[in-house]
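Novice: One-letter residues, chain by chain:
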Amino acid sequence: MTAVISPVTSRSRTVRRRLGPMLSTGLVLMTGMVLLAVVAPHFFGEDASALTDERRQGMSPGHLLGTDEFGRDLFARALVGTRLTLLLTSAATAISVICGVTFGVLVWMMPARVRDLVLGANSVAVAFPGLVLALVVAAILGPGALSATIAVGVAGIPAFIRLSANMAAPIMVRDFVSTARLLGVTRLKTLIRHVLPNLGEPMLILSANSFAVTLTELSGLSFIGLGVQNPEYDFGRLLADGLPNAYTQPIQIIGPSIMLVLMGGAAMFIGDGLAARSSPRLRGLTRARRTGILTRDADSPAPTASQDAAQPASSIRAHATSASPICLSVRDLNITDGSGETLVDGVSFDVAQGEILGLVGESGSGKSLTAMTAAGLVPEGVNASASMITTAGHDLLGPTSAAELARDVSLVYQDPMSTFNPALRIGSQLTEVSRVHMGQSRTEAQTALAEKFRHLRISEPDECGRRYPHELSGGMLQRAMIASALLTDAKLIIADEPTTALDVTVQAEVLRQFAEASDSLGASVLFISHDLGVVESLCDRVIVMRCGEIVEELSGDQLSAGRAIHPYTRSLLNAAAYLDPTDKMVRKE
Amino acid sequence: MIANEWTVFAMRKAAELIAAFFALIILTFAIVHLIPGDAARVVAGIDATPDQVAQTRTDLGLDQPILTQFWSYFSGVLTGDLGDSFRTHQPVVDAIASRLPFTLSIAALGIVITLVVSLALGLTVAGLTRGNRNQWLDTAFGWSTAVVLALPVYVIGAILIVVFAVSLGVLPAAGASSLVSYVLPTLAIASGPIASMSRLVRREAAVVLEQDYMRTARGWRISRLRQHVKHATPNLLSSTLTLSGLILASMIGGAIIVEAVFAWPGLGRAVVDSIIDRDYPLTRGIILTIGGIAIVLNIAIDIVLAIVDPRTLHSGKVLV
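Chains as they are written, first to last, in my numbering: chain A, 1 to 589; chain B, 1 to 320.
Rather than coming from a laboratory, the hints here were simulated on the basis of the structure.
All values reported here derive from a predicted model rather than from experimental measurement.
In this text, a Cβ means the ideal position worked out from N, Cα and C, and glycines have one as well.
Not everything, but these chain B residues come out facing chain A in the computed CB check (under 7 Å):
#1 20
#2 34
#3 150
#4 166
#5 212
#6 213
#7 219
#8 222
#9 234
#10 235
#11 249
#12 253
#13 272
With these hints in hand, go ahead and build the complete structure from the sequences.
Specialist: Rendered as structure tokens:
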């Protein structure tokens with residue numbers, strides 16, 4: 001085996017890098033096993049079976065693993081046992097693979113009803129413990145190496161039937177298959193031409209894993225006395241012979257145990273290595289850096305948290321908002337992805353208390369990233385830095401209190417169908433903050449939630465909390481999310497395209513409730529949208545983002561008067577002019 | 001309407017249960033008939049006299065028409081009469097009843113431990129390695145589970161015996177005399193399934209943790225533990241349980257082998273002896289019992305699945 005590992009030339013190193021550490025380890029180990037199976041009986045056969053007077057010896061240079069009660073060398077026996085073990089395991093695996101694939105593909109030759117029945121029965125067989133199936137075969141054929149091999153091989157068939165039938169399924173319903181049938185190509189031909197080539201890789205992975213399982217079960221049968229019988233021996237038989245002596249001579253179990261682990265591990269590593277290679281997502285990830293971090297800009301001064309610091313960014317606007325206190329303040333926000341590419345570049349803005357600020361831009365402009373970072377939730381895959389982020393009075397660049405932040409900042413997301421947890425009741429989810437961070441009891445929180453539901457005129461407010469998300473419509477869920485902002489008296493609501501996933505008719509109602517809610521709370525809102533029509537009707541002020549930068553800042557009046565200067569904003573406005581869904585039904589002073 | 005869904009579900013599961021049991025009865029019935037050559041001759045042994053062979057043929061009921069044989073076997077199974085053991089001449093049902101609790105207890109204990117440990121382990125690893133954090137843990141987890149998976153249950157058992165019973169002398173190596181005797185067999189039977197299942201959980205958890213609703217939960221700034229236990233686990237359970245039926249059912253096989261390692265007085269030891277002795281009534285009875293447990297276990301998983309994730313009520317588990 002050492003001969004296989006030692007020549008680590010630059011070429012073999014490249015091979016290893018391409019194959020991945022697991023696959024190359026597995027292949028090297030398995031090659032070693034095969035070589036051992038070929039040569040060991042020649043060199044060690046005599047030591048392994050010769051009865052000597054040196055009985056029950058411990059480890060010594062002459063007997064590396066000692067001797068058994070008949071004076072046979074245990075190291076030699078462990079090596080020689082490789083041949084029979086490898087042969088039987090390979091044979092059993094071959095039975096599983098060949099029978100399973102043949103049958104799994106042929107099942108598509110049957111009429112649909114018969115096929116469903118067969119596959120249904122097969123799925124029961126798959127869930128049936130393989131060893132019990134093997135016991136049935138062993139009971140029929142009687143104990144012995146041959147019957148154990150057949151037993152384990154047969155027990156492995158259902159898994160391969162399932163895999164190959166599943167792999168064939170999507171191909172058999174494709175258009176070109178029905179076309180081929182119209183043209184008179186037989187099913188069998190289609191199966192051989194289109195299905196079998198696609199089976200290759202997954203079949204190899206399953207075969208490698210199945211080899212490991214087969215090894216375990218086959219040696220297991222030998223171990224309990226139903227497999228290989230004395231005087232023949234495989235690893236399982238050797239272990240069974242050694243175990244009764246564990247108290248007096250524990251060394252006896254070492255040889256077969258190590259060999260079993262090496263051989264099983266080799267197959268397992270090959271299977272895992274192949275699987276890792278076939279999923280490129282995992283492979284690409286291994287080189288990336290850690291992400292999801294928010295840091296203070298190294299070259300910027302610590303925030304003075306004064307109004308002066310906010311001045312440069314808001315210089316464009318000479319608005320009433322500068323008089324009221326600032327609720328959200330972001331300075332010099334930079335966001336980069338894992339590979340260091342800049343996604344948001346030096347963004348600074350403020351949201352005054354009670355103000356609704358629209359953040360507009362096409363998808364990929366960095367608006368959602370900006371908003372999420374402002375909420376202190378830097379997504380995985382990117383890193384953020386800023387000279388200042390003060391959110392609802394909390395300095396996010398320093399240590400913050402999760403409880404206060406959760407209470408003060410409320411989030412509403414884009415797609416209510418995916419932002420609600422499908423496995424939990426609505427009420428249980430939406431009262432999370434009030435129960436965890438505000439110390440309310442379950443019933444207190446539920447009652448308060450029902451009251452907010454009633455306030456937002458949600459139908460059946462008392463029952464709604466007991467529903468699961470899939471029982472409600474998207475608009476209803478979004479309104480329920482707004483209710484949770486009311487529940488905690490949020491100071492800042494960050495809404496990431498809250499109406500985009502909704503029907504146009506529902507949008508208007510949700511938007512109105514949104515405006516009402518923020519009004520009654522006196523909360524500030526950072527409202528992200530790509531729809532200028534929606535933003536125009538709702539927001540006091542609008543920031544337009546493009547390619548990670550702020551290109552223009554407008555008051556709501558300027559926007560509705562069409563007084564945008566930047567050509568990008570103008571093009572957005574022109575695009576929106578064609579579909580202006582919302583009348584002025586939403587709040588506007 | 002809710003009640004109606006559950007009725008349909010219950011009826012479908014009942015039908016599956018009956019069909020699977022019927023198949024199992026046919027399978028066990030066929031054991032004797034599938035023996036190559038003259039079954040009576042094989043069972044009686046090579047050096048049996050013609051009289052003994054004839055006697056064996058009567059004992060096996062092989063002199064009757066096959067439908068008569070099946071009917072008497074089938075009705076016997078339904079009334080709890082599995083015949084008498086050839087060797088001990090004791091009713092098979094009694095032999096099974098005295099041994100079943102030992103097998104059931106280690107299998108059940110093993111399943112509970114497997115579920116709890118692999119959920120915790122898989123979820124923790126998935127959480128810690130999220131977004132390329134702790135790459136070393138990712139690698140260590142992959143390799144160590146692969147090694148444990150490569151360790152057959154009897155090797156683990158042997159190692160446990162050498163370490164805890166022989167070297168340290170703290171736990172008994174054999175028998176089922178006291179509660180401590182459960183420790184080593186349960187550990188041995190659970191470690192392999194824990195390795196494969198925690199891999200499964202970890203893979204599923206990696207998907208669940210990236211879902212939008214987990215971002216929502218992070219937005220509420222609740223503790224990592226609460227995020228995982230309350231918000232991730234229920235979603236994990238449905239996907240994990242669907243796939244883990246196999247792993248759990250294989251633990252029954254593991255229980256059979258583990259009994260040989262620890263001289264455990266359960267069904268595993270008995271079924272092996274019965275096969276070697278060609279004691280067919282006992283073999284049939286035990287395989288019927290073990291297979292029945294596997295079937296019930298699978299149905300139980302489906303039911304738990306429907307309770308945990310009501311959506312599976314409508315669609316049901318995908319058959320193929």
